[in-house]
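Protein chains in written order, with my numbering: chain A, 1 to 361; chain B, 1001 to 1288.
Since the hints were derived computationally from the structure, they do not count as laboratory data.
Even for Gly, the Cβ is constructed at its ideal location relative to N, Cα and C.
Don't take each hint at face value.
To be verified - If you want the ones that stay clear, here's a sample from chain A, every Cβ over 10 Å from chain B, calculated:
#, residue
1, 16
2, 83
3, 288
4, 299
As the list claims (entries may be wrong) - What follows is a set of in silico ranges between Cβ atoms, one per label pair, in the way DEER data are often shown:
#, chain 1, residue 1, chain 2, residue 2, range
5, B, 1128, A, 206, 56 to 64 Å
6, B, 1179, A, 252, 47 to 55 Å
7, A, 141, B, 1180, 49 to 57 Å
8, A, 319, B, 1146, 36 to 44 Å
9, B, 1176, A, 199, 23 to 31 Å
10, B, 1270, A, 143, 19 to 27 Å
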Amino acid sequence: MHRALRWWPIALLITFLVAPYSALPVPGLLDGPLGSPGSLQLLALCLLYGALATGYDLLLGRTGLLSFGHALYFATGLYATDLGMLELRLPFAAAAVFGVACTVALALLLGSVSLRVTGIGFSMVTLAFAQAGSILVQRNPGGVTGGEEGRSAPADLLPSGLLGIENTANLYWIAVGYLVLTVAVVHWAVNSPAGRVWEGIKENERRVEVLGLRPYGYKLVAFVLSGGLAGLGGVVYLLLTGGATPQAAGSDATLALLVMVVLGGSGTRWGPLLGGVLYTWAGHRLGDLANSATIADLPAVLRVPLSQPLFLLGTLFVAVVYLLPGGLARLPARIRAARSARAVRTPAVVRTARPTGGTPA
Amino acid sequence: MDTVVLLSCTGLGLGALYFLVASGLSLIFGLMDVLNFAHGALLSIGAYATWWAGTEAGLSFWLAVPFGTLVGTAAAVLLELFLIRPLYSRPRDQILATVGVGLAVPALLMGVWGADARPFPQPAVLSGTWHVLGATVPVNRFVLVAAAALLLLALRLFLARTRYGLIVRAGVEDRAMVTALGIDVRKAFTLVFAIGGAAAALGGALGGLYFGSVNPGQGTGLLIFAFVVVVMGGMGSVTGAAVASVCVGLVQQFANYYTGAGLGDLSVVVLLAVLLLVRPRGLTGRLA
Chain A
1 MHRALRWWPI ALLITFLVAP YSALPVPGLL DGPLGSPGSL QLLALCLLYG
51 ALATGYDLLL GRTGLLSFGH ALYFATGLYA TDLGMLELRL PFAAAAVFGV
101 ACTVALALLL GSVSLRVTGI GFSMVTLAFA QAGSILVQRN PGGVTGGEEG
151 RSAPADLLPS GLLGIENTAN LYWIAVGYLV LTVAVVHWAV NSPAGRVWEG
201 IKENERRVEV LGLRPYGYKL VAFVLSGGLA GLGGVVYLLL TGGATPQAAG
251 SDATLALLVM VVLGGSGTRW GPLLGGVLYT WAGHRLGDLA NSATIADLPA
301 VLRVPLSQPL FLLGTLFVAV VYLLPGGLAR LPARIRAARS ARAVRTPAVV
351 RTARPTGGTP A
Chain B
1001 MDTVVLLSCT GLGLGALYFL VASGLSLIFG LMDVLNFAHG ALLSIGAYAT
1051 WWAGTEAGLS FWLAVPFGTL VGTAAAVLLE LFLIRPLYSR PRDQILATVG
1101 VGLAVPALLM GVWGADARPF PQPAVLSGTW HVLGATVPVN RFVLVAAAAL
1151 LLLALRLFLA RTRYGLIVRA GVEDRAMVTA LGIDVRKAFT LVFAIGGAAA
1201 ALGGALGGLY FGSVNPGQGT GLLIFAFVVV VMGGMGSVTG AAVASVCVGL
1251 VQQFANYYTG AGLGDLSVVV LLAVLLLVRP RGLTGRLA
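Make the full structure from the sequences, and use the hints.
Right, dumping it as structure tokens:
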């Protein structure tokens, strides 16, 4: 039984892969049946954000770098691919390579600057860079980025198998593929020799230095790898939503990734994935909930906070930080620990009770 | 010439606004190692409280500003007591908790008063203009600069001359040592949070004067530039923050005017990158 349970990721993957063929209704969780285009689109977004959070955790949970500018690399992959097609008239595959290459180059450049400061300084500098990127996209230099409205991807340059509502399953499979790739790359990188140094940096950077290693280079590798994965995620996002919008570059996008990772459990293999899926799903469902009639009928004291998804998510985030340190992924271990602590305590109670009960004999 | 004067005055006004936010941020970070992401939310609370008192409650502007500052201070103290204090042993989680508050409060303000900007009450005395060296400059710029200068002076006097200022300065240097000497640093934490919250809320109230309106996203927008100021000035240094905020405000205004809208914001970030390459520890050379 235990051995069979160890294969659950494979079983889950197979479930994900065959989901488009299923017409299973999932009331409450999804609007339509599992295989309908709307549900697949939402599922694909969930998996995409799960993968993005997993890539982001390479910095946060594995190397201990609190970056507040991760959305910049996601947005670079998104916009560079889109503009590669629109402005340079590249075919989609070439544009995707161009987009990821741009992201890696930008991550290398900005990472080498921002890693010169450590700790919280690094967080603030990455935030400033991401904000600059967000402003640049919104100001629409030369009419290239499309400002507030963004630019939609050119249909003539996209492969026909990725267009239209009847091909949503293909996009969904691409999202699954991206997720598998991200999880594999992160798993491989964390178990590589560099991954052990990252763990050392996370625990105590000074001691890594004392061992004769330069943390700067290792941190830069983690930064660029994580940025590159985010750029690839931007390409998948472009396919899924059919365009690039400035919301992808905003600081809220990075904070959302942070919430996902912390919700799921940073530094664990499946935690960020779980957090990303749950957050994205909750974000969509809360949006529906906010517009629903049940909320509209409530008194103002309850209606106003409940109709703001960001308020609910912010409050949820604070609650998770307080009540669930380590996130959802550590929850089973915590319950087990609490249970075994109780199991230890119970015999002690019995032992103290026995003398009083046993004296008459 | 008059353009340069006008740009300088506006840049100084903006810099003063940045200083009102960044001084508290810098002190809080220097003493407690907490990067307060909710500082923008405190500014928004101050701005909305002032706006509410000035319009819906019908107070005069001169009563509305102290009211807004008081509400912001109270919010900061509550934040420290109920959210930051239980997490003293988990520094990373303190930051994350403030991130959550920073998301929730603007959303709540948006839920209550809507996403649109609300026009801010402008008293007649402050809505005029002054003629300085041939340029026509709105009076509210000078109000901001005066408030920031007073705050800088008050903070320096507080840090240099009072017993609590001494504890705060010592705590910025070495918190463990201060605790080892038998001084309860937690009181200083709450105090610094109260000062920072008051400064941010005052910034919100006067920022409403500067921008002419209040909106829920204002605090978060200013917060990012305040972060830049804090990093450039050297974390934990009030004087460094003052110098850096003047630089950032001036660079932003001049670049926005002479090179095109939006490039001013970018040039600030470029300035930050260059400074980090040359002096990774900021202007005052404090450890980051």
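Status of the hints after comparison with the structure:
| no. | hint | verdict |
| --- | --- | --- |
| 1 | 16 | holds (30 Å) |
| 2 | 83 | holds (18 Å) |
| 3 | 288 | holds (17 Å) |
| 4 | 299 | holds (14 Å) |
| 5 | B:1128 - A:206: 56 to 64 Å | holds (57 Å) |
| 6 | B:1179 - A:252: 47 to 55 Å | violated (37 Å) |
| 7 | A:141 - B:1180: 49 to 57 Å | holds (55 Å) |
| 8 | A:319 - B:1146: 36 to 44 Å | holds (42 Å) |
| 9 | B:1176 - A:199: 23 to 31 Å | holds (26 Å) |
| 10 | B:1270 - A:143: 19 to 27 Å | holds (23 Å) |
Checked against the numbered hints above, the structure breaks only hint 6 and satisfies the rest.
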